[in-house]
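*Asks:* Residues per chain are reported as follows:
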Amino acid sequence: MTSATFPASEPKPSWTRYFSFNTDAKVIGIQYIVLAFFYFLIGGLLAMIIRGELITPAADLVDRTVYNGIYTMHGTIMLFLFIFPVLNGLNNLLIPTMIGAPDMAFPRLNAVAFWLVPIFGTLLIASFFVPGGPAYSGWWSYPPVSIQNPLGHLVSGQGLWLTAVALSGVSSIMGAVNFVTTIIRMRAPGMGWFRMPVFCWTALAAQTLQLIGLPALTGGAVMLLFDLVAGTSFYRPEGGGDPVLYQHFFWFYSHPAVYVIILPVFGIFSELFPVYARKPLFGYVYVALASFIIVGLGLVVWVHHMFPSGVAQWMRNLFMVTTMLISVPTGVKVFAWLGTLWRGKLRLTTPMLFCLGGLFNFVFAGITGIMLATVPVDIHVSNTYFVVGHFHYVIYGAAVMGVFAAIYHWFPKFIGRMPYEGLGKLHFLLTFVGANLNFLPMHPLGLMGMPRRVSSYDPEFAFWNVLASLGAFLLGVSIIPFLLNMVSSWVLGPRATHNPWNAIGLEWLLPSPPAEDNFGEHVPTVISRPYGYGLGQPLVENQEAIERELNLQEARA
Amino acid sequence: MTSTTPPSGSLAPHGEGGEGHANHSLTGFVIFLCSESVIFLAFFSGFAVLKTSALNWLPAGVEGLEWRMPLINTIVLVSSSGTIWLAEVLKAQGRLWGFRALWLLTMALGAYFLYGQAVEWSGLAFGFTSGTFGGTFYLLTGFHGLHVATGVLLMALMLVKSFLSGNYDGGEEGVQATSLFWHFVDVIWIILFVLIYVWQRH
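Sequences listed follow chains Z and A, in order. What the first sequence shows, in this note's numbering, is residues 170 to 726, in sequence order. What the second sequence shows, in this note's numbering, is residues 24 to 225, in sequence order.
Keep in mind the hints are simulated off the structure, nothing from the lab. Source: prediction; values computed, not measured. Fair warning: there could be bad hints in the mix.
[Unchecked claim] Straight line, CA to CA, 20 Å or less: simulated DMTMM-like cross-link-like pairs of lysine to aspartate or glutamate:
no. : chain 1 : residue 1 : chain 2 : residue 2
1   : Z       : 514       : Z       : 590
2   : A       : 184       : A       : 196
3   : A       : 184       : A       : 195
4   : A       : 74        : A       : 59
5   : A       : 74        : Z       : 411
6   : A       : 74        : Z       : 407
The shape of chain A in the complex, shown without the other chains:
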């Protein structure tokens, strides 16, 4: 999904009534995110349909999902939404080093989330092909994890850009888009956590 990072409109823009020099990238990115959320909606509804109609939801020998580690991951990801927000606030105040520090912290939290996800995966007794339970579990967490990884990469890109002179002169669409993407990934995780870990039937 990284390929969909919008290239900046290179043409002289002219909005309705000549409303200044708007860059369309953020508009395009918001439209893309709305569209992207439908894939998750499809996966979530597929999960719900398969789970509610299953005769034997859990594969033989599987008791259910351990929720403590994912809960820690949830706390990590939710707080990273806070740190990225703070980073943006600092940047708006012109405190670029504070922005970079918090931005880096957000990246670290994202990386920790991925690490936690990997540890959880490696300790599980079931695989991708273990019925619809295993299939939907790895599909949802994997697809979400891919988005987390994309978010961390985008942040790294924006961090590098912050050191290039004059990069943020023309606007902050890249930083805003990355931040928006990160909140999106966070909200998706909360829904995912409720669906997979909280809603367990024994």
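Extracted from the complex, chain Z is given alone in its bound form:
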């Protein structure tokens, strides 16, 4: 392979492909991300209603039953319809281009997995309009509340919720089989395991967790559905059943689900810090391997969600220790990022700001996580706003900010245009201040004893709640510059070159946007580790020729 030739700018593909059963991973990736943000707006609107209700101590905005439905749907939408789909979108965009594959291993299965999302999303949203309203038993859907069907209709909000979650599971398993097979079987020549970008390592780790954990939730949810509609008594104490059994099934998946969310974000941090600090990733091998230590440990910590649920004392002790141990591989990563930043030439672009802010929030969430792992503290603050504050720091403070970082960083690559820095920085500022103002006050509230999932509270909690609500409204406002930026730069933004950030990676050796089959026949051979910033060694064979060709093409265009 002497000089890589790329097909010169093809006829512009029609925008209608985003609304079709397209099997190109890059189209599917963008479909996932755009659809996820549609649901993000719905979930965010529900959050605004929740914080609007909580700005005063009295239950004066919505009916209490409606409020139960709203927080249940807020959590469900944000997890199953926003964060998982948006991460699957990034997986679709990044995995094939980063490993030099033309597409996913099973392109049609990939498209089916995507199109299930709007189907179960519609089912879930439709539950607002059935008699009795949507599910109201919280996003974890514990029995006995979740197996009540007071109106007796066959189609209930809870039934729709379970159906939607089951379909989400089917879609996620299809995705996971696809991502894992693609990473194992379709890497570019020369890309051994320890030449693979960390994002792919973390995606592989996260999808492995999906494959192991998700079937347990599916099994548990099937039994819950039978209890709800067929009158079985798996979880009914009066029929000999055990409601705590459901909690085991639920958390056996749903704790690892947190790692499914945060691991790819670790991958994003590991990709972006070297680019914007102009240094190799510190301790690459350890960062990569720590992902799998997190997988192993992450599967044996779930009982920490159930310390007050009547589990045996030995279980509490055991799971307290395993939960604390997980901070070791996580700490390895955090120190590796700090080592990467240390004495680097930091470029404070929008993606870098989101990464730094996300890392700050993640460390804070990690500290409250250690507190929650401790049995006495956990039992004290169980079911209070302390827990709500903790996981919102993880999910919004770290994961969503990491996702924003990834979107700003890879937008030029896959859209072919540059996002605006000014709007991006405004978005970052509003997000960072809003998230901290929203979620920090939840910690003192929890320590003071304010329970979660209430629509009215004692006036002594009013001060911190007002602050939290203001922070939430700020977060609501923060979406405006983001959407404005995305839409305007998609349509009008300046054309992006193939490597606007001067980054190292296979995806940056493709034109922006890449051709449908990425490298096609001309997959470069990888000859060194990723993140060779400042080392002066090429990543692939004939790198100069490939880059010369890309520059030439850009000059012609």
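Could you slot chain A onto chain Z? The hints should help.
*Replies:* The following block gives chain A in isolation, referenced to the frame of chain Z:
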């Protein structure tokens, strides 16, 4: 679960170091089976938890489970694992008609298993809602039976495909995957049989 039959990768594959023309379907299917086994693991552990913690495990008027017919079913299913293995051996030797005969025999054994399961179900004095005993019994045997039925359907599909010209030229992933699935269903049944029929408390 039939919808998860992997579609064949239609793209030019390029493994590490250009290792020939691998089809990824079997890899994907093995990954899927590993994941699928966790659902059974969840059901098995749920069964064990509910059984060991139950005050009155057996519903009133139920003495326990009759094990002779399920034992016959066990023998049928285990031997069908042998026949499907032999079928694959014959196919590897290029004896396509021998393969088809044994493949058909495996399907017949699978169908007999389903028949035996149906006969057992129809003769039982308890139902799906008879406490956790009835619930777990029908859940486990039903979910396993669904897999047996899926396996028989997959075999029928592969049998039809064997008559299409040139079908097996590009590799045997479909046959291998079906066979793997069948062994999986067999192993699950053995665990299920030990848990439900052998481990009985009176």
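*Asks:* Confirm or reject each hint.
*Replies:* Here is what the structure says about each hint:
1. Z:514 with Z:590: OK: residue 514 of chain Z and residue 590 of chain Z at ~19 Å, within 20 Å.
2. A:184 with A:196: 12 Å, holds
3. A:184 with A:195: Answer holds: residue 184 of chain A to residue 195 of chain A is near 11 Å, not above 20 Å.
4. A:74 with A:59: 23 Å, violated
5. A:74 with Z:411: 11 Å, holds
6. A:74 with Z:407: At roughly 15 Å apart (the allowed maximum being 20 Å), residue 407 of chain Z and residue 74 of chain A satisfy the hint.
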